[in-house]
Amino acid sequence: MAVETAADRAAMLSSDDWGVVASYTPVSGGAARDVSGIFDAQWTSVEVGGEQPVSSTGPHILVATSDLTNGGRQNDTFVIEGITYKASDVQPDGTGMTSVMLHKQ
Amino acid sequence: MSHARQQIREAVAAAVTGLATTGTNVFVNKITPQEAESLPNLLVYTDGESSEADAMGASRGLMRALDVVIDATAEGEGIDDTLDTIAAEVEVAIAGDAALAALVKDITLTSSAVSRSAAGQTPMMGLRLTFSAQYRTRRGVPGTSI
Numbered sequence: 000m001a002v003e004t005a006a007d008r009a010a011m012l013s014s015d016d017w018g019v020v021a022s023y024t025p026v027s028g029g030a031a032r033d034v035s036g037i038f039d040a041q042w043t044s045v046e047v048g049g050e051q052p053v054s055s056t057g058p059h060i061l062v063a064t065s066d067l068t069n070g071g072r073q074n075d076t077f078v079i080e081g082i083t084y085k086a087s088d089v090q091p092d093g094t095g096m097t098s099v100m101l102h103k104q
Numbered sequence: 000m001s002h003a004r005q006q007i008r009e010a011v012a013a014a015v016t017g018l019a020t021t022g023t024n025v026f027v028n029k030i031t032p033q034e035a036e037s038l039p040n041l042l043v044y045t046d047g048e049s050s051e052a053d054a055m056g057a058s059r060g061l062m063r064a065l066d067v068v069i070d071a072t073a074e075g076e077g078i079d080d081t082l083d084t085i086a087a088e089v090e091v092a093i094a095g096d097a098a099l100a101a102l103v104k105d106i107t108l109t110s111s112a113v114s115r116s117a118a119g120q121t122p123m124m125g126l127r128l129t130f131s132a133q134y135r136t137r138r139g140v141p142g143t144s145i
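Protein sequences, first through last, are from chains Z and D.
Residue 73 in numbering that gives the first Met the number 0 is what sits at position 74 of the first sequence, and the numbering runs on without skipping anything.
Residue 14 in numbering that gives the first Met the number 0 is what sits at position 15 of the second sequence, and the numbering runs on without skipping anything.
Here chain D stands alone, though its shape is the one from the complex:
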C-alpha cells in the first residue's frame, strides 16, 4: 500500500485536474523545467511534514501536518488576474473534494506567494499556494489514514 502522503498528493492532483483555466496541465513531482507551451499550468508537490504522537497505548496514533505545494504559472497580459482566477479555482477544488476529505482531517491554505519575471518571450508570473494537510495514521501503519 502506498504511503498516505502519496495518496494525499494524488488526491490533490486529481482534484485540481480539469479546472477551467489550467485544464489538464497538471504535473506531479515535476523535476524538469516547465515547457512554455504548457502554460498556464499547475505543479503539485508534497513538501515537508511534521508529526507528533497523539496517543499512547494500543491506538498509538501519529498526527501529521503535511505541506502540499501547488505552483501555478501563467504568462501574457493580465497574468495577475489569471493567477488569482487559478487560485480561486484551486482553493474551491481542494475544499470541495470528497476523496481528499476522506484522507485528511483538514486541509488549509497557509500561504500564497507571487513571483514575476520579464526575462522570457512573454511576461510570466508564478503563484505558490501552500496548504497544510492534517492527517492521522497509526504508528507503523503509514499507508492508512485514520
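This is chain Z alone, in the form it adopts within the complex:
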C-alpha cells in the first residue's frame, strides 16, 4: 500500500512549495497539458570512455505517475521554465511517483 495519497502527492508537488508546472506532451500523441513536478538539474560526471569525464547536469523531474500517459515513456516532451526536454528514462518508484530523466533539446 502506498504511503502517500493522491492529495499528499499533489501537495508535495505544488508550485506553492518545491514544485514547478511543466508542459507535458506524451510521445504517443495528444495535446500538451500542465503537470506539476519537482525539477532538479544537479551536477553529474559523465564517463564517455576518454581520459576525462564531462562535467554536466542530470536534469530530471519527479511527478505523480498518474499524471503521465501510460506511466510515461521515453521521448515524452516536457517544457520546464522555457526549456524543452525529452524523457530519456522513466523510473517509477512503485508507490505512485515517477522520476523522469531528461535530455535538453
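Simulated from the structure, these hints should not be mistaken for laboratory data.
Where hints are given, some of them may not hold.
[Stated by the list, open to error] Pairwise CB distance ranges (calculated):
#	chain 1	residue 1	chain 2	residue 2	range
1	Z	Arg32	D	Asp66	53 to 59 Å
2	D	Gly142	Z	Asp39	51 to 57 Å
3	Z	Trp42	D	Ser110	49 to 55 Å
[Said to hold, decoys possible] If the Cβ cut is set under 7 Å, some of the chain D residues that face chain Z in the computed set are:
#	residue
4	Pro32
5	Glu34
6	Tyr44
7	Asp70
8	Ser114
9	Ala117
10	Thr121
11	Gly125
12	Arg127
13	Gln133
14	Arg137
Note that CB positions come from ideal geometry on N, CA and C, so glycine has one too.
Please arrange chain D on chain Z, whose structure you already have, making use of the hints.
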C-alpha cells in the same frame, strides 16, 4: 631542448587545431573534467612508449613507438555521425601534416573505440583514436628525432 615525444604531441595538437567540427576546442594533457560547453572537442595525450636499440656502435639508434591518443567527445542528436566526421577530419589532418611528418618515421591509426552515455543533460559519445607514432633518436639524445 624538449623531448621528441613532447614535440610530437605538440605537432599533433597543432595539426588537429582548427578542424571544421572541433575548431579550437583542443586540449593537451587535460587533467580536469571536460566542460560541457566545450563540446565537441578533442583531448590530446601521449601515452605509453616502447623503444628498442636498432643500431650499435657510433650511431646508437633507438627506435621508438609512441601511443598518441586523441579523445573526441560530442553531444546531442546524430552524435554517431558527428564523431565519424571528427574522426575523418583528424585522420586527414594527422596524415597530411608536414611538421608532424618531419618528426616521425610513420604515424598510423591503430584503434578506434566508441563509448556512449545518457547520464548527462544530453546524449554524449566519446571516440578514442589511438595512433602509433614511430620515431627514432640517438640514445642519450631524446630531443632530436632523426
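Consistency of the hints with the structure:
1. Z/Arg32 <-> D/Asp66: 53 to 59 Å: Distance hint for arginine 32 of chain Z, aspartate 66 of chain D holds at roughly 55 Å.
2. D/Gly142 <-> Z/Asp39: 51 to 57 Å: With a Cβ separation near 53 Å, glycine 142 of chain D and aspartate 39 of chain Z satisfy 51 to 57 Å, so the hint holds.
3. Z/Trp42 <-> D/Ser110: 49 to 55 Å: 32 Å, violated
4. Pro32: 4 Å, holds
5. Glu34: Cβ of glutamate 34 of chain D sits 6 Å from chain Z, so the hint holds.
6. Tyr44: This hint holds: tyrosine 44 of chain D lies near chain Z, its Cβ roughly 6 Å from the closest one there, short of 7 Å.
7. Asp70: 3 Å, holds
8. Ser114: Because about 3 Å separates serine 114 of chain D from the closest Cβ in chain Z, which is inside the 7 Å limit, the hint holds.
9. Ala117: Holds - the Cβ of alanine 117 of chain D comes within 7 Å of chain Z, reaching about 5 Å at its closest.
10. Thr121: 5 Å, holds
11. Gly125: 3 Å, holds
12. Arg127: 6 Å, holds
13. Gln133: 23 Å, violated
14. Arg137: 31 Å, violated
Hints 3, 13 and 14 from the earlier list are contradicted by this structure; the remaining hints agree with it.
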